[in-house]
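Student: Sequence:
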Amino acid sequence: MGTTFYFDMVVYRFPVVAPPLDAGGRAELRQRTRESVVRIPSSPRRARAGPAGPPKEDPRESHVATGEASLQGCSMFTSVKAFEGQQYSTLKRQCLQSGLLFEDPRFPAIDDSLFYLGNRIGRVVWKRPRELCEDPHLFVDGISAHDLHQGQLGNCWFVAACSSLASRESLWQKVIPDWKEQEWDTEKPDSYAGIFHFRFWRFGEWVDVVIDDRLPTVDNQLVYCHSNDSNEFWSALVEKAYAKVYGCYEALDGGNTADALVDFTGGVSEPVDLLEGQMATDEVARNQLFERVLKVHNRDGLISCSIRATTVEDMEARLDCGLVKGHAYAVTDVRKVRLGHGLLAFFKSEKLHMIRMRNPWGEKEWSGPWSDSSEEWNKVSKSEREKLGVTVQDDGEFWMTFDDFCQYFTDLILCRLINTSYLSIHKTWEEEVIQGSWVHRQDPLRNRAGGCINHKNTFLQNPQYVFDVKKVEDEVLICLQQKEKRATPKEGKGENLAIGFDIHRVEVNRKYRMHTAQQKVAGSIYINSRCVFLRKEMKEGRYIIIPTTFDPGQQGDFLLRVFTDVPSDCKELTLDEPPQTCWTGMCGYPQLVTQVHVLNAEGLQGQDSNGELHCLNPQKKRLLGKAQAVDSYVIITCEGERVRSPVQKDTRCPNFDVKGLFYRKKPKEGIHIEIYNRNMIVDTFLGQVILFSDPNERQEQHTLHLRDKGSRQDNNLPGTLTVRLITSTTLTNI
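If you count by full-length UniProt numbering, then the sequence shown holds residues 1 to 734, one letter each, in order.
It is possible that part of the hints are untrue.
What the hints assert, rightly or not - Below, a list of computed lysine-lysine pairs in the DSBU-like style, where the Cα atoms sit at most 35 Å apart: (1) K382 x K456; (2) K709 x K665; (3) K536 x K456; (4) K666 x K470; (5) K668 x K81; (6) K387 x K485; (7) K649 x K295; (8) K336 x K387; (9) K456 x K483; (10) K379 x K456; (11) K351 x K295; (12) K382 x K539; (13) K571 x K483; (14) K470 x K295; (15) K668 x K470; (16) K81 x K571; (17) K427 x K511; (18) K511 x K470; (19) K536 x K470; (20) K709 x K668; (21) K511 x K571; (22) K387 x K295; (23) K485 x K456; (24) K295 x K81; (25) K483 x K511; (26) K456 x K666; (27) K387 x K427; (28) K295 x K471; (29) K427 x K471; (30) K485 x K295; (31) K295 x K379; (32) K456 x K351; (33) K364 x K382; (34) K539 x K665; (35) K709 x K571; (36) K336 x K379; (37) K485 x K571; (38) K180 x K295.
Please keep in mind that the hints were generated in silico from the structure rather than gathered at the bench.
Please build the complete structure, drawing on both the sequences and the hints.
Tutor: Here is the structure:
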């Protein structure tokens, strides 16, 4: 039976470029199929590397403690917060001093910690590991992805994520901190206090979760997650800590693998739809995707994949090739494999794109090309096979070419570990993290729950966040996360809201909220998952992110994460118009708002490499030769405020496409737009236009001849400039 990426989720997708709100643009609805939540049966034991801990502790009496405190500073994280105020070191010290085992009052050994309503599995007895075996350990022979078995709970999404976590030592040591200190120590039995702590990334911060070691059992067997070895308890204890965060064990019944991967890493999960991307048929797209997958793997990211089941009959269906539908696989390796033997292999340029996966069942492998015993492996040297760990065992782990992978698999989850350290040799991302809320209010200017773009009258009433792309082009990662209702026990296991976001390119100097939709450049899907992710190449400029629920009036908290190559200065726009201050009476208040949109120029004056104008006279033209293209930019000036466009290189017909927004106290004062050619020493003036905007004209496009400046401003210069103006006497109209 299989694991799920999306459990009971509804997906809504918008087209990437939407029409203006008054042009009838609507969101499109797409249904994503439901996959099963199942049990993972036993699998063969494998050799493992990692910690091995000693056992045995003497049973002692129980003791209840609260130990509320804040947890400050941690060597592994910039900050760690004590979950529900419980500090591990304080609680353990109290237990050791009293000689009593810890009992957690915040997650007691009662049915309320197991279920929302009522007992569904019969009489449960909570027991400590020492009551289940003589020699308990946190780890037996280290930690391995093969340790885990699911138990009587539909949380295979969590178990699969734990399997992936176990393969990355640097990651599991963050989730299981101080594991040597937490391990049972036969030489120091008095150091055991029946208390453990684990760490998860929750809504923008790491939390340290304290639990006691009492585990639910039926007939002396663990009810939920357990290990191959009856005396190994790390998986059961991690699961209990995770259940405490969510309120009870039942809250873990059904979920999204990507969420658990993020909780274990603090990374960002990117879903990839292989069908939609046409990865099976588009070789260029497939090769680009492989490079992305390889990079995520090489940088310690976690990866999962599945074959989508579209009907109930498809669930757990085994294909002729050995793969299983509706079931999650963990990606355990990604390689470029060199073909050939000896020196031939060394000098041969051909490399095969390969990916290795593991079925959590520990069986049912791929039986096609490059399966464990296939003849294709004869094309690879013995040393290369050993390096890849190729074995002829039905252990659930197998290799495929990436081409075959894209033919069969439909969904891929890439959990990226975003590097924000300046000391790293890899790319460093700049991260902005902002918490916000959708709050419904009757006043349109105060309402912050407007719904998606389908709801034209309220869409722009949502929270708005402005950020800058400061490079000519930059890859931007955006993640929107909502607080899960499953983590609020009083509400029961409620459904997440369907959420998503749009990105609009706006005026480069915008400081106040957007009231008329601008150019939409990107949009996420709308889905009732915890997180929505978008990766987009964006041009230099200023942008607004509008996170929304699909329907208006829905309330909730969210976390917005924006990653760029250079600081984006992301912040919320809270004001609708310039505020009135004590200086307003003396200095005046804006009477108009004008948006200036410089579209393009044509026929600009050519220049040589020194910035000297061509065509000044026929003789000089013959000396200089053919006029060169220019590197031009525009400066828009209105009442002392200036807006400058990026440079448009090597063209005499630049497409500037830059906007400025001006709140004007002097409506009769003109708006100056000047064009310059960028040079090494001094930039050269190419011409200007002066505009006077009429508020009675809602939108007017002008194509104007360039003129000289100063005393020669009546003289025409080569070239024209096309500009669109929008002016309003209502400052909240644009």
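Student: Going straight from one Cα to the other, do K295 and K379 come out at no more than 35 Å?
Tutor: holds (26 Å)
Student: Quickly compare the C-alpha distance for K668 and K81 to 35 Å and report which way the hint goes.
Tutor: Cα-Cα ~57 Å, so violated.
Student: Under the criterion that the straight-line Cα-Cα distance not exceed 35 Å, is the pair K456, K351 satisfied?
Tutor: Violated, because 52 Å separates the two Cα atoms, which is more than 35 Å.
Student: Would the pair K382 and K456 pass a check requiring their Cα atoms to be no farther apart than 35 Å?
Tutor: violated (64 Å)
Student: Between K649 and K295, does the CA-CA distance stay at or below 35 Å?
Tutor: Distance ~33 Å between K649 and K295 Cα, so the pair holds.
Student: Is the straight-line distance between the alpha-carbon of K483 and that of K511 35 Å or less?
Tutor: holds (29 Å)
Student: For the pair supplied as a hint, K511 and K470, is the alpha-carbon distance within the 35 Å limit?
Tutor: Between K511 and K470 the Cα gap is close to 17 Å, so the pair holds against 35 Å.
Student: Does K471 lie within 35 Å of K295 when you go C-alpha to C-alpha?
Tutor: holds (23 Å)
Student: Does K483 lie within 35 Å of K571 when you go C-alpha to C-alpha?
Tutor: Given that 35 Å is the threshold and the Cα spacing comes to 20 Å, the pair holds.
Student: Does K379 pair with K456 here, judged by a C-alpha cut-off of 35 Å?
Tutor: violated (60 Å)
Student: Hint check: K511 vs K571, CA-CA at most 35 Å. Holds or violated?
Tutor: Measuring from Cα to Cα gives roughly 10 Å; hence the hint holds.
Student: Is the straight-line distance between the alpha-carbon of K709 and that of K668 35 Å or less?
Tutor: Holds, at about 19 Å.
Violated hints, listed in ascending order, are 1, 5, 6, 10, 12, 32 and 35; each of the other numbered hints is respected by the structure.
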